[in-house]
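Colleague: So the protein sequences, as listed, match chains A and B.
1 is the number of the first residue of the first sequence in our numbering; add one for each residue after it.
1001 is the number of the first residue of the second sequence in our numbering; add one for each residue after it.
Worth double-checking, as some hints may not be accurate.
[Claimed, not checked] What follows is a list of derived Cβ distance ranges for each label pair:
{"hint": "1", "chain 1": "A", "residue 1": "A176", "chain 2": "B", "residue 2": "A1233", "range": "19 to 29 Å"}
{"hint": "2", "chain 1": "B", "residue 1": "A1280", "chain 2": "A", "residue 2": "V183", "range": "34 to 44 Å"}
{"hint": "3", "chain 1": "B", "residue 1": "A1280", "chain 2": "A", "residue 2": "E118", "range": "22 to 32 Å"}
{"hint": "4", "chain 1": "A", "residue 1": "P114", "chain 2": "B", "residue 2": "G1372", "range": "23 to 33 Å"}
{"hint": "5", "chain 1": "B", "residue 1": "A1233", "chain 2": "A", "residue 2": "E118", "range": "42 to 52 Å"}
{"hint": "6", "chain 1": "A", "residue 1": "V183", "chain 2": "B", "residue 2": "P1070", "range": "26 to 36 Å"}
{"hint": "7", "chain 1": "B", "residue 1": "T1279", "chain 2": "A", "residue 2": "V183", "range": "47 to 57 Å"}
[What the hints assert, rightly or not] In silico PhoX-like cross-links for lysine-lysine, where the CA-CA straight-line distance does not exceed 25 Å:
{"hint": "8", "chain 1": "B", "residue 1": "K1369", "chain 2": "B", "residue 2": "K1301"}
{"hint": "9", "chain 1": "A", "residue 1": "K420", "chain 2": "B", "residue 2": "K1004"}
{"hint": "10", "chain 1": "A", "residue 1": "K105", "chain 2": "B", "residue 2": "K1013"}
{"hint": "11", "chain 1": "B", "residue 1": "K1013", "chain 2": "A", "residue 2": "K387"}
{"hint": "12", "chain 1": "A", "residue 1": "K208", "chain 2": "A", "residue 2": "K242"}
{"hint": "13", "chain 1": "B", "residue 1": "K1019", "chain 2": "B", "residue 2": "K1004"}
{"hint": "14", "chain 1": "A", "residue 1": "K100", "chain 2": "B", "residue 2": "K1013"}
{"hint": "15", "chain 1": "A", "residue 1": "K490", "chain 2": "B", "residue 2": "K1004"}
{"hint": "16", "chain 1": "A", "residue 1": "K100", "chain 2": "B", "residue 2": "K1019"}
Bear in mind the hints are in silico, worked out from the structure with no lab data behind them.
Keep in mind that this is a model prediction, so the values were computed, not measured.
All C-beta atoms in this analysis are idealised placements derived from N, C-alpha and C, irrespective of residue type, glycine included.
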Amino acid sequence: MSFYLVHGGTSLYKVNPDGSSSALTLPTGVTMLSTRSARMAVLGRYVVLVNGATINLAVDGFGVVRPMSLVPPATPPILQVSGVGVLNGKYLAKYTFGVKNEYGKLISESAFSPVSLESSTLVNQNLRAYNVQRSPQSQVNVRRMYRTTSGADGEAFFPWVDIEGNTITEVYDGLADAGLDAVAARTDLGAPPGTSNDAYLEFIVEWKGRLWAKGSRDIDNLLYSGDGVFYGWQVENFLPVKPVGGDEYGITGMIRRRDEMAVGRRDMLWKIQGQSEDDFRLVSLVEGTGIASHDTVKVYRDVGRFLAEDGVYQWGTAGVESLVDDDVAPWFTTDDFFNRSQFRYAFAAIDPLNLTYDLFLPSAGQTTIDRWVSLDLRTRRWLGPHKTAAFTPSDGGYIRDSSDVRLPIIAGTDGYFYKKTPGVYTDLASAIDFDITGKAHSGDEPDTEHVWNRPTVYTGVESGGTLSIIPSVGLLSSAAQATISHDLTKERRVHRRLGVGRLAKLRFRNNENNRGCSILGYEIPFHALGRRDR
Amino acid sequence: MAGKINVFGLGEKGVNLVKSPLHLDDGELTSAQNAEFFRNQGRGAIRKRSGLARFNLSALGAIRRFLNVPLPATPTTTILASVEGTNTETWVTSTNGGTTFAEATAPPRSVLYARRTSLNFLGIGERCASIDGRIYYPGNDFIQYPTASHQPPPILFYDGSASGEVCQIPNNPTVGAETNAKNIECMRTLNGTIYLTTYDGASVTPRDCGRVFNLDVRAGILTQIGPSFGDGAGDTDPGIGLRPFSLGWCAGRLWVGMLNDSGSTLATRVYSIRPGIDTAWTLEHTADVNEVIVTSLAEYKGLLYAGFASLAAVTAKVKVRLQATGVFTTSDSQAKGVAGAALYSGLIVHGDNLYAGYTKSGTDARIRKFDGAAWTTDRDEPVLLPSIHEAITVGGALFYTVNSGVGSPGVLRKSTGGVWAMVADFATVIGSANGAIGYTIL
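Looking at chain A on its own, in the form it has when it is part of the complex:
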C-alpha cells in the first residue's frame, strides 16, 4: 500500500491512505519553501524532491529525509608514512562523504575531494591519511577513502578504507595493493545544482533508471544522474537542448514515456536517443510546438499529454497531435476564457477512474488558478470549464486509499485534499454550479422563422430540486427569455411554448447545494413559418 508525500506550506508531509499525516523532519538547516513548489520523482526505493526546498532531498519509505546529494570535501587528504607495514612506493588518495543506513549499506556518496599530493616513498610501511575533513552535513556518517596502487599516475583510484562517523580526521592503514577492491572508484559521482542552498533543480523525472533534470542556472542543459543512483551527477553528464541561449526559459518540460523521452522548450520538442553516457543524443521531434508548463505533462498508457502555448497536445505512437484544433482551440488561442500569460503555472492531473486529463488554469484576467477543463481520454472530447467555490486548486492527481483503491483528488491551498465523491453533489457545503448550453437549433433552415412549440425535457429523477431551463429564441444574439423551472422529481416534463424565431437554444442550469442533476435529453416540436426579408 502506498503513501503520498506532500509539500504543504513550509513543511513536507507524509500522508497515509487513511488520511492521517505527519510532518517529516528535515535535515538540519533545510527548510521547505513557500515560494517554489516541490517537484518529485521516484527512483528505486527513494523519492527525490527538488525545487521546493533549500536543497534537493531524498525520502525513503520510512519518511527519513536526507540530502539528495552531499556537499563534497573541499580539501584533499594529506598522506604520510607511518609505522611498519607492507606498503612500498608512492601513493595518491582522495575521499568522499557518505551516508550509511542502519544496516551499514552506503546509500549516498558525495563527489570526490581534491586529490592529495603524492606521498613520500613508503618502504615497508603503513600509509596515514590525515586532514580528512568533517562534513558540514549532519547526516554524513562515513568518509570513504580511495587511493591508487603504488606508483600509479592517478588515473585509477580504488576503495581503500571507510572512516566511520563524522569526527576523526585521520586513518592509518597498511592494506596491500592486492587487497584493494578490484573495481575502481565509480566515475558518476558529482553534485548537481541544489546540493547547497544556491542554484537548484527546477524539475526532475525518472527514466530508464536515471534521473533527468533541469537546473536553474544553465537552463538549456538537460542533466542526468548515474545509472540507478540519485546522488551521482557527474559534471559532464548533460545534453544541451538547442537553441542554447534561445530564450529566457530554456527547457520547459520533459515527457517520460516507457521507451522514449522528450524534452521540450517553449516551441520545440527533442527526443533522447541512446543507452548510456557514451551515446546519449537529442534528435528533433517537432518544431513549432513545445511545452508551456512541465506540471501539465502527464503520461497515461504511454501517451503523454501536455499544454503548449496554443493548446493541448499528445505525444504517442502516432507522433505529436493537437487535441484542441477541432473543438476548443479558442480556450487557448484567445484571451476570452483563460489568462494565457499564466500558462507556465498551469498544472494537470490524470483521473484514472473517469479517464480524464484535467487541466487547471486561471480564468481570464486572473492569476490564481480557479478553473479546470477535462478531456475524456476515450472520446477525446472536452468538457468545462469547471469551477468550485470551496477552495483554490493547487495540484491534482490520485492517491490510493486505505483499501488500496485509486482515488482521484484535487489539492487545495487551504491544506486539504478533495476527493471526487460519486453520488455527492456538494463541494464542502458549497453548491456546484452546473451550467451547460446546447446548440442553436434551426430545423435545417436557419434563415426561416419557426414556431418553437412546447419542449419535453427528460432528466434523471431526484428527490427534489429544480433545473432552470433558459431558452433563447430568435437570432444568435437574441437575449435569453424567462427561465423555465423543471421539477427534478419528474423524469419527463412538457414545458411552455418557446416562441417564434429563426433559432432556438436551451441553456440548463442547477446551482442548488446537495442536488444532483442529469439531463437525458429533450425534444422540441416546431414548424416553419417562412422567410422574412429582414
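Chain A is fixed; fit chain B onto it per the hints.
Modeller: For chain B alone, coordinates are given in the frame of chain A:
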C-alpha cells in the same frame, strides 16, 4: 415544414467553440461548466459533476505539490525480545515503538538460556541480527552436542509472518564429520552483512574453539571468515579456554572478541580481519589476566570500544583502541557492590552517545553513558536492576534487556529526550526466570 428536434446524448461530443452554435452537432455544447458525461442505459447523458469532499483529517500547509509514492506506507516496526522462564522461553513483541510488550506465539523460540555457553556470565550474547525486514537468530530445536545423536545448530529467520530455517552450522572438519558445533554465540548485522561466531565444542586437543562466518541471506549460505580458532593445523590458537564470542565493525575491519569461561584467569583477546581480503587473523589486543571476556564491541566516532567481563580480582572495563598506535586503553571502569564477577555489556551508540550496561556479580547494575568526553551513570537502581544484557536502538528509543529485581526478565526503555522506564516486566508471564536475552527489530 414541421418537425421535432430530438436531442439525446447531450454533451457526448463535448464542447465545441470552433464551430458556430448554428453548426454544432446535437451532442455538442458551447459550454459545459461542472458537467460530466456518463453512459445511461446505452445512451449518453450529461450530469452535474461529483462533489469534492475533504480527504485528509487535518489541514496541512497550503498544498503546493504531492506525489503518490508506490512504497509501503507504514513499514511495520516490530520489536521482539526473547525472554525465558525456568523451563520456558518465548518471544514478546511490541508494535508501538516499545511502549508495551505482549507475549507472542511466533516465531519459533531462540536457543535456550541453559544451552548458552556464557552461563557463568548471565548468558549474555547478542544473538539476533536484523536486516532488510527480517530477523535471523539461533534456533533451539536441535539436539545439542555432546548429547547422543547431536545435530548442527540451526539459523532461523522471521519476517513478521513467515519463519523457517535458513541453514545449519557446518561441522568443524578438523575434528571430523561426526562432531557438530555446540552453539552460535553471537549474530550481528555489521556493515550490511550478518556475521556470527560459533562454539565448536571440543575442549581437548584438538581444541576446536570456534569459528566466524558471514551469512548470505539471499542464498542462505554460510562462509567462514579466516581460519578456525583452535589448536588444529592451520588454526589460530587464542589460548586454552578461549573462543570467538563478540563481533564488531570498525575502520573497514571485522573485530572479534574472545570468551574464556573455563574458570581460568587467562586473559581474553581481540582479533581483527578484513573479510574477503585477509587470510589470517590479526591479534590486536591481549587483555590483562582476569579480564576474561570481550562481551561487546562498538564503533563510536570512528574508534573501536570494547566491553570486558572480569573476575573478582579486577574491575571490569570499557577500553578504546587508539587509532594512531592500535593500543587499547581504559575508557571506563566501575567497581561497585560485593566481590564477584563484573562485566560491561551491550555497548551501543544512541543519539550522539555511547552507552554500556555494567553488572556487578549479578546483584546490581547501572547503565553508563559516554558523550565523547566523559562517562556518567545514566541509570542506577541496584535493587531493581541486578543485571543488564543486550541493547538495541530503534525508532529513536534505546532498549536494554535486563533481569529485573523480582527475578524476572524485563525491558528498559529510554525514550528520545532521556527518560528511562521499565516497559516490560514478565514475572506474570514467565514466573521465576533466568533473565531476558536479546531482541531485535523487523
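Colleague: Decide, hint by hint, whether the structure agrees.
Modeller: Evaluated hints:
no., hint, verdict
1, A/A176 <-> B/A1233: 19 to 29 Å, "holds, 25 Å"
2, B/A1280 <-> A/V183: 34 to 44 Å, "violated, 24 Å"
3, B/A1280 <-> A/E118: 22 to 32 Å, "holds, 31 Å"
4, A/P114 <-> B/G1372: 23 to 33 Å, "holds, 29 Å"
5, B/A1233 <-> A/E118: 42 to 52 Å, "holds, 44 Å"
6, A/V183 <-> B/P1070: 26 to 36 Å, "holds, 31 Å"
7, B/T1279 <-> A/V183: 47 to 57 Å, "violated, 21 Å"
8, B/K1369 <-> B/K1301, "holds, 14 Å"
9, A/K420 <-> B/K1004, "violated, 38 Å"
10, A/K105 <-> B/K1013, "violated, 57 Å"
11, B/K1013 <-> A/K387, "holds, 21 Å"
12, A/K208 <-> A/K242, "holds, 23 Å"
13, B/K1019 <-> B/K1004, "holds, 23 Å"
14, A/K100 <-> B/K1013, "violated, 57 Å"
15, A/K490 <-> B/K1004, "holds, 22 Å"
16, A/K100 <-> B/K1019, "violated, 63 Å"
The structure fails to meet hints 2, 7, 9, 10, 14, 16 from the earlier list, while all remaining hints are met.
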